[in-house]
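Mapping to our numbering: the sequence shown position 135 is 135, numbers consecutive.
Keep in mind the hints are simulated off the structure, nothing from the lab. The beta carbon of each residue, even a glycine, is placed where N, CA and C say it ideally should be. Some clues are possibly wrong.
List time: in silico BS3-like cross-link candidates among lysine-lysine, alpha-carbon distance up to 25 Å [claimed, not checked]: (1) Lys114 x Lys43; (2) Lys61 x Lys103; (3) Lys95 x Lys131; (4) Lys34 x Lys70; (5) Lys13 x Lys43; (6) Lys55 x Lys95; (7) Lys55 x Lys131; (8) Lys103 x Lys114; (9) Lys34 x Lys55; (10) Lys95 x Lys70; (11) Lys55 x Lys43; (12) Lys95 x Lys114; (13) Lys131 x Lys13; (14) Lys70 x Lys103; (15) Lys114 x Lys13; (16) Lys34 x Lys13.
Label pairs and their calculated CB-CB ranges [to be verified]: (17) Gln78 x Pro101: 25 to 33 Å; (18) Val139 x Lys70: 16 to 24 Å; (19) Lys70 x Lys123: 15 to 23 Å; (20) Ala143 x Ile115: 23 to 31 Å; (21) Pro101 x Glu35: 29 to 37 Å; (22) Gln31 x Pro62: 18 to 26 Å; (23) Asp41 x Asp130: 27 to 35 Å; (24) Glu35 x Gly142: 21 to 29 Å; (25) Ala69 x Lys123: 15 to 23 Å.
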Amino acid sequence: MKSSPSARHRARKFAVQALYQLHYLETSATQVVKEFVEDNDLKRADVAYFETLVKGASAQKPALWDEVAKYLDRESSQIDPVEESILLLGAFELKDQLQVPFKVVISEAVDLAKIFGATDSFKYVNSILDKVAGVYRSVEVGAVSA
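Sequences are here, hints too, so could you generate the full structure?
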């Protein structure tokens, strides 16, 4: 069954919350996913995609964050955990979910920043992920720019 855009959007919303939790808890991504599935109504979310996002972003966090950090205008430690979770999620999708167009990944991240982030954090998230897209999706970004 193909997932609807809104089911994927819901999966991303839950994934940001799960990655945020992982920022503070000393537990595994598998455990957080299990708890989210048990504790939340995920019927209208793409649960498989949620699991892919949380486990993938968590497993690749050091490498993904190294790429994101190149474009930050401050120390990584000064990035709000909500923004960190959104940037991590976006970077993971840009790197590993190639079936999702880069513009969709960035648009979704901007929407998540508008929902969960500080007032203008969506602008920051947009600018960072735009640069990360140039690294992970250089061919796709180049084709759109041409």
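Right, here's what the structure says about each hint:
{"no.": "1", "hint": "Lys114 x Lys43", "result": "holds, 24 Å"}
{"no.": "2", "hint": "Lys61 x Lys103", "result": "holds, 22 Å"}
{"no.": "3", "hint": "Lys95 x Lys131", "result": "holds, 12 Å"}
{"no.": "4", "hint": "Lys34 x Lys70", "result": "violated, 33 Å"}
{"no.": "5", "hint": "Lys13 x Lys43", "result": "holds, 14 Å"}
{"no.": "6", "hint": "Lys55 x Lys95", "result": "holds, 14 Å"}
{"no.": "7", "hint": "Lys55 x Lys131", "result": "holds, 24 Å"}
{"no.": "8", "hint": "Lys103 x Lys114", "result": "holds, 16 Å"}
{"no.": "9", "hint": "Lys34 x Lys55", "result": "holds, 11 Å"}
{"no.": "10", "hint": "Lys95 x Lys70", "result": "holds, 16 Å"}
{"no.": "11", "hint": "Lys55 x Lys43", "result": "holds, 19 Å"}
{"no.": "12", "hint": "Lys95 x Lys114", "result": "holds, 23 Å"}
{"no.": "13", "hint": "Lys131 x Lys13", "result": "holds, 22 Å"}
{"no.": "14", "hint": "Lys70 x Lys103", "result": "holds, 20 Å"}
{"no.": "15", "hint": "Lys114 x Lys13", "result": "holds, 11 Å"}
{"no.": "16", "hint": "Lys34 x Lys13", "result": "holds, 16 Å"}
{"no.": "17", "hint": "Gln78 x Pro101: 25 to 33 Å", "result": "holds, 31 Å"}
{"no.": "18", "hint": "Val139 x Lys70: 16 to 24 Å", "result": "holds, 20 Å"}
{"no.": "19", "hint": "Lys70 x Lys123: 15 to 23 Å", "result": "holds, 18 Å"}
{"no.": "20", "hint": "Ala143 x Ile115: 23 to 31 Å", "result": "holds, 30 Å"}
{"no.": "21", "hint": "Pro101 x Glu35: 29 to 37 Å", "result": "holds, 31 Å"}
{"no.": "22", "hint": "Gln31 x Pro62: 18 to 26 Å", "result": "holds, 19 Å"}
{"no.": "23", "hint": "Asp41 x Asp130: 27 to 35 Å", "result": "holds, 33 Å"}
{"no.": "24", "hint": "Glu35 x Gly142: 21 to 29 Å", "result": "violated, 41 Å"}
{"no.": "25", "hint": "Ala69 x Lys123: 15 to 23 Å", "result": "holds, 18 Å"}
Violated hints, in rising order: 4 and 24; the structure is consistent with all others.
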